[in-house]
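Heads up: the sequence shown begins at 1025 in this note's numbering, then just goes up one per residue.
FYI, nobody ran anything at the bench for these hints, they're computed from the structure.
It should be emphasised that the depicted structure is a prediction, and the values quoted were computed from it without experimental measurement.
Treat each hint with caution, since some may be false.
[What the hints assert, rightly or not] List time: in silico DMTMM-like cross-link candidates among lysine to aspartate or glutamate, alpha-carbon distance up to 25 Å:
(1) K1163 x E1174
(2) K1091 x D1145
(3) K1091 x E1140
[As the list claims (entries may be wrong)] Now the in silico label distances, taken between C-beta atoms and shown as ranges:
(4) A1143 x P1092: 33 to 39 Å
(5) N1178 x E1146: 18 to 24 Å
(6) K1091 x V1159: 17 to 23 Å
Backbone N, C-alpha and C fix where the C-beta goes; we use that ideal spot for every residue, glycine too.
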Amino acid sequence: MKVVTWVAAVLVAVVAVVLVGTQLREVSTAATAPPVTTPPPADPGDPLRVTIPAIGVDAALVPVGLKPDGAVQTPDFGLAAWYSPGPRPGEAGPSVVLAHVDSAANGPDVFFRLNELAAGDEVVVHYRTSAVTFVVTGKEQTAKTALPTEKIWNGASAPVLRLITCGGGFDRAARSYLDNVIVYADQLG
């Protein structure tokens, strides 16, 4: 009986040490570990400016939507526009920024040199308290009648940017360029 009592006492002591040690470690860890919180992302508001150092662009951004005929609205001369029904630059998915190439009355406009951009050039979209940088990955010029909408709105889940303006030959009778220049860029980082 003494052996059984002695073995039982040792087992109770070992279990007690293990349990107390575990509780001490849990209390100790809980007391020293910082609280785990993930604040919701701050709403940056609307994008305010776009800068493209390689081609000297520094322009205010205004939101645009669709015209009654379904075409995208365009900004006034001297401004760039972001397509506000889509994601804001830096949000998941393809964001679109557009501006005129020029006008007969005023000459070169914001995206006059857009076709000069090359892979690796940076595009920065500025918000009130932050900025998002994109890196050009490619560009193309296509007929307006063959705008590659699937490629522009490719369903990307990563933040990507599309810069669009007019280009190619000019139809004087229609007072319109025949093509669009599209620049593709991925968010840096």
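Checklist entry - Does the structure break any of the earlier hints, and which numbers would those be? => result 2, 3, 6
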